[in-house]
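Asks: Here's the letter readout for the chains.
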Amino acid sequence: MAVAQVYTAIANDVITAARWNNEFGNIYNNGTDIAFPLTKASSLAGFTLTLDALGVSTFTSSSSVGLTFTSGAKSGTPGVGANNGNTLNIVSATFTDTATAGSGTAAEFSAVSILTPTLAATNTLVTTTDAATLYIQAAPIAGTNETITNPWAIWVDSGAVRLDGAITANSSLHVGSLLFGKPISGLIQSNAAVDPTNDITISAGETVSDDATLASRRLMVLSAAITKQLDVNWVVGTDQGGLDTGAIANADYYIWLIQRADTGVVDALFSLSATAPTMPTNYAFKRLIGWIRRAGAAIALFTAYEYVGGSLLQLWTTLTLDIDLAATLTTTRRTDAVRVPTGVSVMSHLQVAIIDAAVSNAYIYSAEQADQNPSASVAPLVTIRNPVAGATIFSNINIWTVTGVIAAESSVATMDNYAVCTQGFTWSRK
Amino acid sequence: MFIGRRLDGTIYGAWTSKQPMDEFHLNIEEVSDDHPDYVAFKTRPPKIYISVDEKIAALEAKVLALESK
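Those protein sequences? They're chains A and B, same order as listed. The letter at position 324 of the first sequence is residue 324 when you use the working numbering, and the numbering goes up by one with no holes. The letter at position 54 of the second sequence is residue 54 when you use the working numbering, and the numbering goes up by one with no holes.
Hint data in this document are derived by calculation from the structure and do not stem from the laboratory. Among the hints, a few may not be true.
[To be verified] Partner residues aside, some chain A positions facing chain B, computed with beta carbon under 8 Å:
id, residue
1, I323
2, L325
3, T328
4, D336
5, A337
6, V338
7, R339
8, G343
9, A357
10, A389
11, G390
12, G404
13, V405
14, D416
[As the list claims (entries may be wrong)] DSBU-like, lysine-lysine: derived pairs with alpha carbons at most 35 Å apart:
id, chain 1, residue 1, chain 2, residue 2
15, A, K286, B, K18
16, B, K55, B, K42
17, B, K18, A, K430
18, A, K40, A, K74
19, A, K182, B, K18
Ideal Cβ placement from N, Cα and C applies to all residues, glycine included.
In isolation and in its complexed conformation, chain A is listed as follows (with noise of 0.2 Å):
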C-alpha cells in the first residue's frame, strides 16, 4: 500500500513541529510503501538486491551475466519436497487456465520453461565445442561431517521424462527397467595381431551387465577394440593384463566384459569361470562376451564374426581330431566333450566319420535328448549311416551343446572308428 499523505496543506498553512513530524515521521517509518509496489519500472542499476537478513543471499545482474543468485551459506533442516529445496525453492502453486473453452483441450502447459537462447559472436567463424541451455556441474558433493550414498545430479522423483531429442550418455547408463533383455553388439575376440599366442583383441562395440535385477543392470560400452594380456595378471587399459587370478595356463578362459561401479570404466578381463571371475577393486558390472582356448602354450587360433542378434561365430583356424575312438563307440550312450565353450548353451558344428566291417549307423546327437538307439526306420533314425561294409563315411552335423558334450550310440555291438572334428560354434551370447 502506498504511504498516504498525513496532512494536505492550504494557503497560508504554518508548517508546525508536530505536521513535521507527523508528515515525515509517516514517511520514515512507512519508507517502503513508497518504493512497493511500484507504481512504474524500476531500476537497480547493477546494484545488488539482498535478500535476506544476513545479507548473504542475492539478485544481481551484470553485462555478461542475466541475473546472478547466490543464495549464500544456509543452515536447518535438509529435504526434498514440498519447500524444502536448501538452495532454490519453487513451492507448489496452482494455475488456472481460463483461456480454454469448456471441454476444450490446451496444446501445453509447463510450470517452468527455459526459452531457446541464442549464442552469436562478435568475430567471425567461431565455433563452440559444447553449448547447453541448462548445465548442471556435478551431483552434490559432501561437505564436512557428511556421506552422501547416492549423489545424483538430476533426480526426477515421480512422473514419466520425455526428451523428444537424441540422448549421449558418455559415461555409463543405469537403467531400472529394461524394455529389452541383454543385448550385445560387436565385442567380437580375435587373436591379437602382435602376440597372437597370449593377447586377444576385442572390437568395440556395447552390452548390459547379467545383473540379475532389472534395475541394477548397466549399460556397458566399449568405445574403442581393447587388447588384454593373457599371461599378465589384469591392469586396466589395452595392451595391459588380462587375467582376473592365478598364472596362466594350458586351459579354456571366459571372456568378460566388465565396468566400475564409480567411474563408469569399461575394460576386458580373463577368467578360468564362466560365472564368477574374480573381480578387480571398484569393478561392479560384468557380462560374458567370449571363450577362448589355450593349449601347447599358446591361445588357439581362431577366426570369429558377429552373427544374427549380436551371437558369436567362431571357427577354429586348424581343425583336430577332437574324439577318436577305436571300438569304443557301442550301442550304450556315450557323452564326450568337443572343442567348444562348457560353461554356455552353444550351436556346435562338427565333422564326424565312421567305420566298421558291417552296414552301420550312428546316432549323434544332444547330450540333453533322450537315450534312443539308432534305427534306420523309427524314432530317432540316424546321423549318419554306413551303407558299404568297410566303407568310412563322413558327415558335416550342428548339435546343440550346453555342457560342451555331445552324445553319441552305434547300432552295431562296437564301431571299430568313431572320430569327430570340431569346425566351431555358435553362441548367441544372451
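Model the placement of chain B on the given structure of chain A, informed by the hints.
Replies: Just chain B now, kept in the frame of chain A:
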C-alpha cells in the same frame, strides 16, 4: 591331448578336450601332442576289410587250384 587306456595298456580313445569323469572315460591321462603312444594311436593302420564276395572268390580260387592238381 587326453588319451584313455584299456587295462592292457592299449589306447581306446583320444580327445583334445578334458572329458567327463565317467565310465566311458576310464584311465584318462594328459599327454603331449607328440607323445609316442598318442602318435602311434593317431597313425594306426586302417583295418583291412575283406568283403564276402572277395572271400568267396578267394575260396573258389583255392578249390580250382586243388582240383587242377
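Asks: Next step is simple, just say for each hint if it's right about the structure.
Replies: Hint by hint, here is what the structure shows:
1. I323: Hint holds; A:I323 Cβ to chain B Cβ min 6 Å, cut 8 Å.
2. L325: holds (4 Å)
3. T328: With Cβ-Cβ at 5 Å, under 8 Å, it holds.
4. D336: holds (6 Å)
5. A337: Constraint on A:A337 satisfied, holds at 4 Å.
6. V338: holds (6 Å)
7. R339: This hint holds: A:R339 lies near chain B, its Cβ roughly 6 Å from the closest one there, short of 8 Å.
8. G343: The hint is violated - A:G343 has no Cβ within 8 Å of chain B, the shortest such distance being about 13 Å.
9. A357: This interface hint holds because 5 Å falls under the 8 Å limit.
10. A389: holds (6 Å)
11. G390: holds (3 Å)
12. G404: Holds, about 7 Å.
13. V405: holds (6 Å)
14. D416: Because about 6 Å separates A:D416 from the closest Cβ in chain B, which is inside the 8 Å limit, the hint holds.
15. A:K286 to B:K18: holds (27 Å)
16. B:K55 to B:K42: Satisfied, since the Cα-Cα distance of roughly 29 Å is no more than 35 Å.
17. B:K18 to A:K430: holds (26 Å)
18. A:K40 to A:K74: holds (34 Å)
19. A:K182 to B:K18: Status holds; Cα separation ~31 Å.
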